[in-house]
Each structure stands twice: as C-alpha cells, then as structure tokens.
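Trainee: Protein sequence lines, in the order shown, are assigned to chains A and B. Read in order, the letters of the first sequence correspond to residues 16 to 356 in my numbering. Read in order, the letters of the second sequence correspond to residues 16 to 356 in my numbering.
It is worth saying that the hints were derived from the structure and are not from the lab. Wrong hints could be hidden among the right ones.
Given that identical chains are not distinguished, each listed pair holds provided it fits within a single copy or across any two copies.
Straight-line alpha carbon distances no greater than 30 Å define the calculated DSSO-like cross-link-like pairs of lysine-lysine that follow [as the list claims (entries may be wrong)]: (1) K162 with K34; (2) K226 with K80; (3) K80 with K162; (4) K231 with K76; (5) K129 with K350; (6) K226 with K205; (7) K80 with K350.
Note that the coordinates shown come from a computational prediction; the quantities given were computed from them, not determined experimentally.
Protein chains: 2
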Amino acid sequence: MSIEANARRIVLAARPQGKPKPGDFRMEEFPMPTPGPGQVLLRVRYLSLDPYMRGRMDDRKSYAKPTQIGEVMTGRTVAEVVESNDPGYAVGDTVSSQTGWCTHAISDAKGLRKIDPNAAPVTTALGVLGMPGLTAYSGLFTIGQPKAGDTVVVAAASGPVGSLVGQLAKIVGARAIGIAGGPDKCAFVKDGLGFDEALDHREADLPERLKAACPKGIDVYFENVGGAIWQAVLPLLNDFARVPVCGLIASYNGAVGSDSLAPTMREVLARRLTLRGFINADFADQMPKFQREVTAWIAEGRVRYREDIVVGLDKAPEAFIGMLEGRNFGKLLVKVDTGKV
Amino acid sequence: MSIEANARRIVLAARPQGKPKPGDFRMEEFPMPTPGPGQVLLRVRYLSLDPYMRGRMDDRKSYAKPTQIGEVMTGRTVAEVVESNDPGYAVGDTVSSQTGWCTHAISDAKGLRKIDPNAAPVTTALGVLGMPGLTAYSGLFTIGQPKAGDTVVVAAASGPVGSLVGQLAKIVGARAIGIAGGPDKCAFVKDGLGFDEALDHREADLPERLKAACPKGIDVYFENVGGAIWQAVLPLLNDFARVPVCGLIASYNGAVGSDSLAPTMREVLARRLTLRGFINADFADQMPKFQREVTAWIAEGRVRYREDIVVGLDKAPEAFIGMLEGRNFGKLLVKVDTGKV
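Using the sequences provided together with the hints, build the complete structure.
Mentor: If you want it as structure tokens, here you go:
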C-alpha cells in the first residue's frame with residue numbers, strides 16, 4: 016500500500032457570479048493526515064459530480080448549509096481504507112463517503128457505507144445504485160406514482176437520474192418520454208435505454224414536438240430542469256398530474272427568472288396538480304429496497320446506465336462547469352486516484 | 016302553493032374584461048317551466064355566490080367548461096320542490112341543487128340532495144355544511160394534514176372556507192393564523208372564531224407581521240388568495256410544509272402576474288414543499304363524514320359560521336362583484352324568494 020507524501024483537495028476560492036469559472040476553485044496540497052482513535056484514513060478513488068453542488072457554492076440558505084470560502088467542495092466519493100483505527104473497517108475495504116473533492120480524508124466512520132466491489136462496479140455506488148439512483152427511484156415511485164398506461168416525461172434524460180426515471184417508468188408499464196440535448200444523447204435515450212420517445216431541446220418547437228409525443232397528455236413530469244422545459248410541459252399536464260421537483264438546473268447559474276408565477280399556480284389549481292420538492296436524503300429509508308430492486312433489474316438487463324469518467328482531480332472544476340451546461344454524457348465521475356485501478 | 020307567472024334568471028351577457036361590471040350580467044324573464052316525466056320543478060330559495068364563478072365567466076379551459084354568453088350563471092342553490100313527477104321527491108321537500116342564478120328550474124333529480132330543514136338552517140347547506148365547508152375540511156385534512164403544534168395560515172379567513180380552515184386547525188391542536196381585510200373582519204376571526212392571531216392585509220408590513228405571528232414558521236398554508244399574500248408566506252414555510260391550493264382570488268380579475276416563478280420553485284425544492292391544487296368535487300366521497308363531524312362540532316360550539324345574506328336575485332351581480340373585492344363579510348348568499356321564509 017503506497018501512500019503519497021501529500022494529499023490534495025479542491026476548495027471554494029470564490030462565490031461564482033452566474034456560471035462558475037475555473038478561478039472559483041483552488042487546488043491545495045495538505046500534509047497527509049493521520050487517523051486518530053476510532054478513525055480511518057481514506058484514499059479517494061472516484062468523486063461524483065452532481066448539479067446540487069452548484070447550490071452549495073452560493074451563500075444562500077437551502078436544505079444544506081453553503082460551502083464556505085476556503086472549505087473543501089462538497090461531494091460523495093468511493094474510497095479505499097488505507098489506515099484504520101476502527102475495528103469495523105479493514106485496510107483495503109471499499110466505502111462510499113462524503114469526503115468532498117480531495118485525494119485523502121479522515122473519517123470517524125460515521126456516514127461510511129461499505130461497498131462490495133465484487134457485486135457491481137464500484138462506480139455504480141455513486142450513480143445508478145447510489146444517491147442519483149435513489150433520487151430517481153424514490154421521487155418517481157413515492158411522488159410521481161406512475162401507473163400502467165400513464166405518460167411520464169423527464170428531462171436531462173441521458174443523465175443518471177433521468178435515465179433511471181424513464182427506465183423505471185417503463186418497468187411499471189408507463190410510456191416514457193425523454194428530453195435531452197443533442198442527437199447523440201437522444202439516440203442513446205431512445206435506442207440505448209428504451210424510452211418511447213426522445214426529444215432534443217436544442218431543436219426548435221419543443222412545445223409542439225412534446226405535444227405530439229404525448230397525445231394523451233402528461234401524468235408525471237419529473238422535474239430536473241425548470242425554465243423553458245417546464246413551460247413546454249405545463250400546458251400538457253393532465254388533471255391530477257404529479258410533479259416530483261428534483262432539480263432546477265436551468266436556473267442554478269442564476270439566469271432565467273422572467274417566467275411569471277401566475278400561469279403555473281393557475282394550472283396547479285385548475286388541473287389539481289401536485290408539485291412536491293424532495294431530496295434523496297428524505298427517502299434514505301428506501302435505500303435497501305431500492306438497491307435490491309435496481310440491482311436485480313440491472314442483472315436482468317431491464318436497467319442500463321452510462322458513466323462519463325474524467326481522469327484526475329485537477330479536472331474536476333472543468334468537468335463540473337461543463338456539466339452545468341449539459342456537456343457530460345451519462346453519470347459524471349472523476350477518477351481521483353490516477354495511480355492504480 | 017303559489018307559483019309566480021314568470022320565472023327569472025341571470026345570464027352571462029358579456030365576458031368581463033378584468034373586474035366584472037353590472038353590464039356583464041342580464042336578468043331575463045322566462046315562462047314558468049313545466050316538469051316532464053321523472054322531473055321536478057324547483058323554486059329557488061337561496062343562491063350561493065362563490066369566487067370560483069369568476070373563472071367560469073372567462074373563455075378558458077379549466078376544471079369546468081366556461082359559461083357561454085347567454086347561458087344562466089352557474090351556481091348552487093337551496094330550493095323547494097313545487098311540482099314533482101319523481102316519486103322520490105314530494106312537493107315541499109327542500110333540496111340542494113345546481114340550478115344556477117334563477118328563481119325556478121327544472122331538474123331530473125340527478126344531482127339533487129335532500130336537506131332536512133329541521134336539522135340545521137337550510138342556508139348551511141350552501142356554506143359551513145355544504146361545498147365551502149367540504150372544501151375547507153378535505154383540503155385541510157387530506158392535503159394540509161396539520162398536526163398538533165403545527166402553524167396553519169389561511170387568508171380570506173372570515174369567509175366560509177377560511178373561517179372553517181382555522182377552526183378545524185384549532186380542533187386538531189394546531190395554531191391558526193388568519194389573514195383578512197379590515198379591523199372588523201380581523202376582530203371576528205380572532206375573537207369570534209378563536210384563531211390565535213388575525214392579521215389585516217390592508218395594513219402595511221404584512222410580511223413582517225406574519226413573521227412575528229409565526230415564530231416557528233408555517234407548516235400548512237391553505238391558499239385561497241395568491242399574489243402578495245403568497246409572497247409573504249413563501250419565506251416562512253418550513254421544510255415539508257403543505258400548501259393546499261384552493262383558490263387564487265387575487266388574480267381572478269386578471270390583475271397581478273408580475274411575480275416571478277423562480278423563487279417559488281426554488282423553495283418548493285429547497286424546503287421540499289408540497290403544492291397541491293384541488294376542488295371540493297375531488298373529495299365528494301368525504302361528504303358524509305364531513306357533515307357528521309362538522310354538524311357535531313357546530314352543536315358543541317367548536318365551529319361557528321357567519322353568513323352575509325343579500326335579498327333579491329337582482330342584487331346578485333352587485334353582491335358578486337363586491338365579493339371579488341372582499342366586500343362581503345361571511346358566507347355570501349342571495350335570498351332569491353323574497354316572498355316567504
């Protein structure tokens with residue numbers, strides 16, 4: 016077991032004004048930490064990059080407190096135990112942890128979750144079998160409640176949440192309509208994942224094309240995006256439609272904001288819509304059932320997933336900035352430990 | 016049994032531009048109709064005036080189809096059977112019916128509901144024990160789900176829906192905060208109905224006063240109004256707050272609309288709010304339980320109600336126009352049969 020002399024981490028250097036830029040992040044070296052009693056030293060193998068992180072960069076109260084200037088960027092990782100003072104963890108164990116954007120971290124073992132590297136690729140613990148997967152599963156089934164024959168629409172459909180939402184909708188017998196950016200992603204959503212239709216939001220006339228793809232209206236709209244896509248969806252929602260509100264990536268960089276509230280509220284009333292916000296932590300108790308079911312569906316070939324892996328912690332800021340513009344294709348991960356597989 | 020020679024009705028004369036004006040309505044005489052086989056002739060005693068009627072005057076698809084120009088205005092009434100060709104109804108029976116704004120109507124007995132005039136004043140069938148009451152009961156309990164210790168806020172709190180929402184909240188042990196227009200209504204809400212606080216939305220600084228009245232935030236906001244009151248409520252909503260969306264009277268006359276959608280959606284996500292629209296017909300199956308419980312609470316003095324009765328069908332347009340500006344005080348009814356009690 017070789018341990019580098021110095022560890023590295025990426026901290027928040029400045030609060031972004033609109034789109035984050037590379038200078039809003041700063042790489043730091045720090046002395047390799049030593050675990051105290053009951054602690055373990057983790058070497059990070061993969062870092063998950065997710066849209067919610069953009070919210071933490073702003074100084075605004077939300078469901079989690081903002082990252083402070085100079086603090087390590089928030090993030091969930093897959094890591095290996097390289098030193099252990101906790102009898103529950105052995106050197107070599109693979110775990111999922113909330114270490115943030117770094118190469119090494121100390122953990123007191125709270126919040127660690129052991130991963131069996133023989134059961135599935137370890138990266139799935141950050142994607143289809145991890146928090147993004149649970150987000151799709153719990154939001155769709157608990158809030159969206161699709162029934163056979165329903166029409167389910169999801170945007171960011173080639174991403175880790177959207178791709179699972181559509182496939183789960185198909186499993187319960189609903190029609191799945193995906194919205195994604197560009198022909199390659201749309202081809203993947205329709206042909207690779209088996210959605211009934213995939214619509215490119217970069218092409219003109221999305222409202223008309225969405226209407227044509229949903230001749231019986233929309234029963235569940237899984238909201239990842241907001242903005243123009245919500246405006247296209249709103250007139251098509253059926254009575255009693257359910258809208259799990261999972262993300263609003265269109266507005267995370269602060270653009271948007273000109274849409275008026277009144278038409279949305281009018282439809283909430285007239286169509287008796289349910290809009291319900293959630294984060295995956297609200298449904299942490301569903302994790303075991305989710306993992307059991309989705310693992311089986313992957314084994315049966317009924318659920319597929321796609322990963323977009325960037326190599327090197329130093330590439331994380333650029334990859335993250337690109338993700339906010341839809342430049343990733345699949346679950347975005349950073350392979351942090353470039354030395355070994 | 017005296018039957019007038021001619022019957023009268025009020026029809027939609029023109030679609031309102033913004034606020035309705037008297038010329039948007041027209042009184043018509045028509046020959047006294049004769050019931051056919053299986054039908055009854057009804058003499059209307061009381062007409063209920065409700066905010067939802069404003070929506071029917073616009074040519075816009077909603078949960079119900081618009082009233083056409085020249086058609087009788089929609090409305091629920093308490094009526095007396097004056098001729099009957101249906102063995103299920105005797106002359107003299109009191110019923111609740113959807114006759115619209117008129118003195119007489121033919122009914123094929125579908126949609127009639129018998130009322131026992133000895134059990135409660137017949138007007139309560141249009142208010143606290145009728146559709147407005149069911150609206151409050153089902154929206155609050157099924158969607159709002161207040162628990163003991165929760166803070167429940169409702170606007171239009173002296174009206175038939177809001178007044179019951181707050182009293183039901185008190186019955187389950189929640190704190191009830193009412194918002195109403197003017198000192199008389201606020202005094203009634205607090206002292207007459209027993210809300211914990213009543214705030215006058217016509218006074219300055221509603222957001223600050225609402226915040227002071229809700230030191231633990233808001234768990235349930237029963238939405239009757241929209242507009243500036245929603246903007247005051249939004250920052251105070253707690254995590255997992257529930258918002259039954261029952262009405263949006265602030266925007267029914269078409270004003271408003273400058274509020275941006277983005278802040279509402281951001282809070283839906285960050286605070287994991289539930290916004291759910293409904294109309295009382297969605298919960299028609301709760302009617303028996305609702306009537307049983309609320310009747311008992313009225314008898315025990317735990318639920319009070321207030322009626323605002325205008326005499327004469329010809330006064331209905333003016334009373335309706337005034338209601339949209341908050342000029343009624345209590346459940347607004349028109350006593351249609353001016354001849355007898």
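Trainee: Now tell me if each hint is right for this structure.
Mentor: Hints versus structure:
1. Within a single copy, K162 and K34 get their C-alpha atoms no closer than 39 Å, and across copies no closer than 42 Å, so neither meets the 30 Å cut-off.
2. Taking identical chains as interchangeable, the C-alpha atoms of K226 and K80 lie at most 30 Å apart only when they sit on different chains, with a minimum of 22 Å there against 39 Å within one chain.
3. Only between protomers do K80 and K162 lie at most 30 Å apart by alpha-carbon distance; the minimum there is 27 Å, versus 37 Å within a single protomer.
4. When the C-alpha separation of K231 and K76 is checked against a cutoff of 30 Å, the pair qualifies only between copies, where the shortest distance is 16 Å, while the shortest distance within a copy is 39 Å.
5. Proximity of K129 and K350 under a CA criterion of 30 Å is satisfied intra-copy only: 19 Å inside one chain copy versus 72 Å between copies.
6. With identical chains, the CA atoms of K226 and K205 are at most 30 Å apart within one copy only, with a shortest distance of 17 Å there and 49 Å across copies.
7. In this assembly of identical chains, the alpha carbons of K80 and K350 lie at most 30 Å apart only when taken from the same copy (27 Å versus 58 Å across copies).
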